[in-house]
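Asker: Listed below are the residues making up each chain.
There are 2 protein chains.
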Amino acid sequence: MNIHPDTPSVIVDTAVMKRNIAAFAKLAELRKVALRPHAKTHKIPEIAQLQLATGAVGVTVAKLSEAEVMADHGIDDLFIAYPIVTDTKVERAIKLGQRVNLMVGVDSLQGALGLSAAAVRHGTTVKVRLEIDTGLGRTGVLYDEAVALACRIVSLPGFKFCGIYTFRGNFMQGKPTLDILRAGVEEGELMVDLAERIRNAGVAVRDVSVGSTPTAASAATVEGVTEIRPGTYVFQDRMQAALGVCRLEDCAATVRVTVVSRPAPDRMIIDGGSKTFATDVLPGVQPLNLQGFGHLREAPHAILERLSEEHGIVRISAFDRFEAGDTLHVIPNHICSTINLHNRIYVQERGTYRSVTVSGRGMVT
Amino acid sequence: MNIHPDTPSVIVDTAVMKRNIAAFAKLAELRKVALRPHAKTHKIPEIAQLQLATGAVGVTVAKLSEAEVMADHGIDDLFIAYPIVTDTKVERAIKLGQRVNLMVGVDSLQGALGLSAAAVRHGTTVKVRLEIDTGLGRTGVLYDEAVALACRIVSLPGFKFCGIYTFRGNFMQGKPTLDILRAGVEEGELMVDLAERIRNAGVAVRDVSVGSTPTAASAATVEGVTEIRPGTYVFQDRMQAALGVCRLEDCAATVRVTVVSRPAPDRMIIDGGSKTFATDVLPGVQPLNLQGFGHLREAPHAILERLSEEHGIVRISAFDRFEAGDTLHVIPNHICSTINLHNRIYVQERGTYRSVTVSGRGMVT
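In the order they appear, the protein sequences are chains V and Z. No gaps in the numbering here: position 274 of the first sequence is 274 in the working numbering, and each next residue is one more. No gaps in the numbering here: position 18 of the second sequence is 1018 in the working numbering, and each next residue is one more.
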């Protein structure tokens, strides 16, 4: 059934999305690495299925509740790239592991002990990957402590140690870089070197999993990397275009908005603010230094300068003829957290629209 | 039924919330102004009902779909403080106006003409308030053009002109101020003066509606102001505490999180990032200059320094004994956009928890 999405709404161009999905599948095939896309970007089982049908070996998620949603929709190979530490979550992870092929992240002995004890208690095995901090300064065991921790946890009862993973991000803490190719290679090399040292210590390391959308392509060129986990590539966004990872035309998801007011010659107001557009990738921050909160397709020179909750304040030129009622399309700075604001997206294919629920939205637990 | 909220989750202390609701009801009563709370903060009909039962004359919302949700839950006096401009939305507004007592915002002749024509077509009357820009530079007719526009729209068929409203915000564009009392008085005076000038031009102005949580108290002292529309006060937040509008103890809503990793002596990671905490009120921005993305109740000295989507990176001291599995409570910088990230909140009363759906969440259209 064709429908007319009201504004503001996220509109996904299916053809562009499929092209992005195919491009990374081809890249992974060429480099002979597994592709395990991060579903945090779309949070939609149907799109995860499309990725699986196009070469992906499984799906990555950040949270257990996201994994449960994916499993409920028939996705049966999942990696939760996040430490599972509380009793409640450990129990849920064990249960989930009994119905799908599940791997979970671990980054501390304490976390590992909890998982191991629960696995033993349930008479089952938990598949784990050790998270490595390769410079982002987030979760992950410190790089220099990783060999020791791997040796310690590999022997825990109820554990199957599958390998190591990292998320380095493209912005290294304190040293932001636009040299994405080099950053990806470094990420791959750090992880391959570490895997070798863990192997030399007597621990089998099957998986060496790396890479985000910007770094996956170059990280995959490093011999010894076995898997990449890009997320954003499915839709791409303005941040990725600024990084040189894609063109603006490769952005499959835009936010359709309406001009609700043009109170002054140099200003118009659109019907989306910080409850419509993510505010976690900000204008004016190095190294991207983006102007505004999104790129307006119909007005590339305009600047989406400020957001309040439901208003977007756009600086335009007095010569612009936009007026209340006009429809515009905005490529957001960061698509992942933008999708997360919307209960549904509208998938556009050959001129017709279909509403798709963002089932994983708000699944933070 | 008592339940144990998993983390991350928004927990609302009912006693504190009721105290906040009562405080503003009392303030409005004292100043003899109507209280029409903005429901964008909580987006929960049950809480709007509580406000109505405690002195509020009706409810304010930002979007039509929010209004529809409130109406579906029995709230029958609504003001949409937003321009309604597209045909679809005008039709929806007319329909909604036939089942509840509805006022809508208008800020341009063009918008007014669309509403008027639709009202005539449906043989009904639309109640409108004219939005005034008193310095925020968002929607609202320019202050100096307001008398002329009021005179023009008051005569439109199918229109009932009810008065004027503004949202000035506490941060005046280009001139951020922490002098909230003075800002509120100015806001009130600007609007009362304007109302007088519109009346002198022959247009009856019943409503002079002003005020946000920080400015409502002082704006209400201005003779001639008839209504205040605070939103945040129901929960309060770290931004309001920084403005001196409340104490941290008045913050009714916290986000309960779990420490998932303590990879380094000076760093711990909590299980909430930019999909759990709003990022629209940022650290280090004048005049508030907040440190970090929230106040940690159990660690007031700690700084929630960075957020990625599902990780909060907290700078702590090497002497802190926090470890993976610990539970903490965070008062977010901005509660309105934080609530908007969550599908449900947990209402705590005398030690028991109840899950309440955020029915208006994602209602951006």
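In case anyone wonders, no lab produced these hints; they're calculated from the structure. Honestly, I wouldn't trust all of these hints.
Derived list of chain Z stretches under chain V, where covered just means 3 residues or more per stretch with a C-beta under 8 Å from a C-beta of chain V [what the hints assert, rightly or not]:
1) 1006-1020
2) 1036-1049
Partner residues aside, some chain Z positions facing chain V, computed with beta carbon under 8 Å [to be verified]:
3) ASN1200
4) LEU1248
5) ILE1313
6) ARG1315
7) SER1317
8) ASP1320
9) SER1337
10) ASN1343
11) VAL1364
Even glycine gets a Cβ: it sits at the ideal position worked out from N, Cα and C.
Asker: Take the hints in turn and mark each one as holding or not.
Answerer: Structure-based check of each hint:
1. Coverage of the segment 1006-1020 of chain Z by chain V holds [criterion: at least 3 residues with CB-CB distance below 8 Å; count 4].
2. Given as covered by chain V, the segment 1036-1049 of chain Z fails the check, having 1 residues with a CB less than 8 Å from a CB of that chain where 3 are the minimum.
3. Interface hint status for ASN1200(Z): violated, as the beta-carbon distance to the closest one in chain V is roughly 23 Å, over 8 Å.
4. Annotation: LEU1248(Z) was flagged as interfacial toward chain V, and the flag is violated, the nearest CB pair being 23 Å apart, outside 8 Å.
5. About 6 Å separates the beta-carbon of ILE1313(Z) from the nearest beta-carbon of chain V, less than 8 Å, and the hint is met.
6. For ARG1315(Z), the suggested interface contact is broken, since its CB lies about 10 Å from the closest CB of chain V, more than 8 Å.
7. Checking SER1317(Z) against chain V: minimum C-beta separation of about 16 Å lies over 8 Å; hint violated.
8. Interface restraint check for ASP1320(Z): the shortest CB-CB distance to chain V comes to about 16 Å, outside 8 Å, so the restraint is violated.
9. About 5 Å separates the beta-carbon of SER1337(Z) from the nearest beta-carbon of chain V, less than 8 Å, and the hint is met.
10. Hint status for ASN1343(Z): holds, given a least beta-carbon distance of 4 Å to chain V, under 8 Å.
11. Of the supplied interface hints, the one on VAL1364(Z) holds, with its beta-carbon coming within about 5 Å of a beta-carbon of chain V, less than 8 Å.
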